[in-house]
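According to our numbering, the sequence shown is numbered sequentially starting from 1.
Check each hint, because a few of them may be wrong.
Computed Cβ-Cβ distance ranges for the label pairs, DEER-style [unchecked claim]:
(1) E135 - L34: 31 to 41 Å
(2) P127 - D59: 18 to 28 Å
(3) G22 - T93: 37 to 47 Å
(4) E33 - A102: 38 to 48 Å
(5) P48 - T132: 34 to 44 Å
(6) Q26 - T4: 32 to 42 Å
(7) G35 - V75: 20 to 30 Å
(8) Q26 - G117: 31 to 41 Å
(9) E128 - P21: 37 to 47 Å
(10) N86 - P48: 33 to 43 Å
(11) P48 - G117: 34 to 44 Å
(12) G35 - Q84: 21 to 31 Å
(13) Q30 - F100: 37 to 47 Å
(14) Q26 - P48: 18 to 28 Å
Simulated crosslink set (EDC-like; lysine to aspartate or glutamate; CA at most 16 Å straight-line) [claimed, not checked]:
(15) K18 - E73
(16) K88 - D114
(17) K68 - E33
Rather than coming from a laboratory, the hints here were simulated on the basis of the structure. Predicted model only: the values in this text are computed from it and were never measured. Heads up, the beta-carbon is just placed ideally off N, CA and C, and yes, glycines get one too.
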Amino acid sequence: MTTTNTIRRVDYFYATIKDQPGEAYQILNQLSELGVNLLAITVVPFGPHSTQMTIFPEDSLDFQAISKSAGLELVGPYPAILVQGNDKVGALTEIHELLFRAGVNVYASNGVSDGNGSFGYLIYVRPEAFDTAAEVLGL
1 MTTTNTIRRV
11 DYFYATIKDQ
21 PGEAYQILNQ
31 LSELGVNLLA
41 ITVVPFGPHS
51 TQMTIFPEDS
61 LDFQAISKSA
71 GLELVGPYPA
81 ILVQGNDKVG
91 ALTEIHELLF
101 RAGVNVYASN
111 GVSDGNGSFG
121 YLIYVRPEAF
131 DTAAEVLGL
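Starting from the given sequences, assemble the full structure and let the hints guide the process.
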């Protein structure tokens, strides 16, 4: 790849919570009080009365121990890919091309620019395709 990106494996966990004010706050506050640092979080509707919170902790093993002792009901870990780099037009084209040429399907992704020239991008691939994706991306 010609652009300079940091690409790494990250683990994610998810919980299905009630879709009502304060639910995400309570979980995030509890994690903060327990000293958990998050790389990313995604929250999306899940059915008529629920929300799915996907959590990407900085330290997966520590997070598992802390969340278990705190009584948080989480599913995971599952592997994902975090890309961070300098934002420019077409910044993700090379990554997607490598995955496409390797036959890896990106089944979900989230991205954001920080407004100051950098971006973050989460790539979800099926667990059975993760090793291939990791190999072509140089992980």
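Each hint tested on the structure:
no., hint, verdict
1, E135 - L34: 31 to 41 Å, "holds (35 Å)"
2, P127 - D59: 18 to 28 Å, "holds (21 Å)"
3, G22 - T93: 37 to 47 Å, "holds (40 Å)"
4, E33 - A102: 38 to 48 Å, "holds (42 Å)"
5, P48 - T132: 34 to 44 Å, "holds (37 Å)"
6, Q26 - T4: 32 to 42 Å, "holds (39 Å)"
7, G35 - V75: 20 to 30 Å, "holds (22 Å)"
8, Q26 - G117: 31 to 41 Å, "holds (35 Å)"
9, E128 - P21: 37 to 47 Å, "holds (38 Å)"
10, N86 - P48: 33 to 43 Å, "holds (41 Å)"
11, P48 - G117: 34 to 44 Å, "holds (40 Å)"
12, G35 - Q84: 21 to 31 Å, "holds (23 Å)"
13, Q30 - F100: 37 to 47 Å, "holds (40 Å)"
14, Q26 - P48: 18 to 28 Å, "holds (21 Å)"
15, K18 - E73, "holds (13 Å)"
16, K88 - D114, "holds (12 Å)"
17, K68 - E33, "holds (15 Å)"
The earlier numbered hints are all upheld by this structure, with none contradicted.
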